[in-house]
Amino acid sequence: EVQLMSAGAGIAHSEYNHAPDTTVEFLQIWVLPREAGGAPGYQQHDFGRSPGLVRVVSPDGADGSLRIKQDMDLWRLLLDAGEARHVVKRRRAWVQVVRGTLDVNGARLHPGDGLAVVETPELLLAVAEGPVEALIFDLV
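Numbering follows our numbering, in which position 70 of the sequence shown is assigned residue number 70; successive positions increment by one, without gaps.
I should point out that these hints are in silico values taken from the structure, not numbers from a laboratory.
Any given hint might turn out to be false.
As the list claims (entries may be wrong) - Derived pair list, reagent style EDC-like, types lysine to aspartate or glutamate, alpha-carbon separation capped at 20 Å:
id, residue 1, residue 2
1, K69, D138
2, K89, D46
3, K89, E129
4, K69, E83
5, K69, E35
6, K89, E133
7, K69, D80
8, K89, D63
9, K89, E35
10, K89, D138
To be verified - Derived CB-CB ranges, DEER-like:
id, residue 1, residue 2, range
11, D21, E83, 33 to 43 Å
12, F47, K69, 12 to 22 Å
13, G114, A81, 27 to 37 Å
14, A128, D21, 13 to 23 Å
Computed from a prediction, not measured in an experiment: that's the story for all the values here.
Don't be surprised by glycine CBs; every beta carbon is placed ideally from N, CA and C.
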């Protein structure tokens, strides 16, 4: 599930676990907007658990993604053990591993690891230990 909030000119916000006897994990990612100010906003969507690469955030809502006021795309990657994926990137990329162990262009990443990929035009993603869940940021 992905939630996208735009603070705009101001917003009150809090996150907490509604089930005290259950562990909750989430990533909170901050992205500066193209322009300061604007109206606050909130979007939420469950993208399911389909394997492969799913665009979850984009500036134009492409492929049913949530709209962000920035020139970036955010993709969620789900791969099973033994799988690999070749991705041609448009610009700079940041890969953030959530679960599993992922080889990115030969660099091994574990849960919590991130990697900037700047000079290489492609991403070679291979599951070293899976399944893998990762986020891929396509950035200016």
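Now the hints, each set against the structure:
In summary, the hint linking K69 to D138 is supported, as the alpha carbons are separated by about 14 Å, within the 20 Å threshold. A threshold of 20 Å between alpha carbons decides the hint, and for K89 with D46 the separation of about 25 Å lies outside it, so the pair is violated. Restraint check for K89 and E129: the C-alpha separation of about 24 Å exceeds 20 Å, so the hint is violated. Proximity of K69 to E83 is assessed by CA-CA distance (about 33 Å); at most 20 Å being required, the pair is judged violated.
Of the supplied pair hints, the one linking K69 and E35 holds, its CA atoms being roughly 8 Å apart against a limit of 20 Å. Taking the CA atoms of K89 and E133, the gap is near 18 Å; set against the 20 Å cutoff, the hint holds. For the proposed pair K69 and D80, the alpha carbon gap of about 32 Å is over 20 Å, so the pair is violated. Pair hint K89 plus D63 holds up; C-alpha atoms about 17 Å apart against a cutoff of 20 Å.
Of the supplied pair hints, the one linking K89 and E35 is violated, its CA atoms being roughly 25 Å apart against a limit of 20 Å. The hinted pair formed by K89 and D138 meets the criterion: a straight-line CA distance of about 7 Å does not exceed 20 Å. Between D21 and E83 the beta carbons are some 34 Å apart, a value that agrees with the proposed interval 33 to 43 Å. Look at F47 against K69: about 20 Å separates their beta carbons, and that is inside 12 to 22 Å.
In this structure the hint that G114 and A81 lie 27 to 37 Å apart at CB is violated, the actual value being about 22 Å. Against the hinted window of 13 to 23 Å, the Cβ-Cβ separation of A128 and D21 comes to about 33 Å, which falls outside the hint.
In the structure shown, a violation is registered for the earlier hints numbered 2, 3, 4, 7, 9, 13 and 14, in ascending order.
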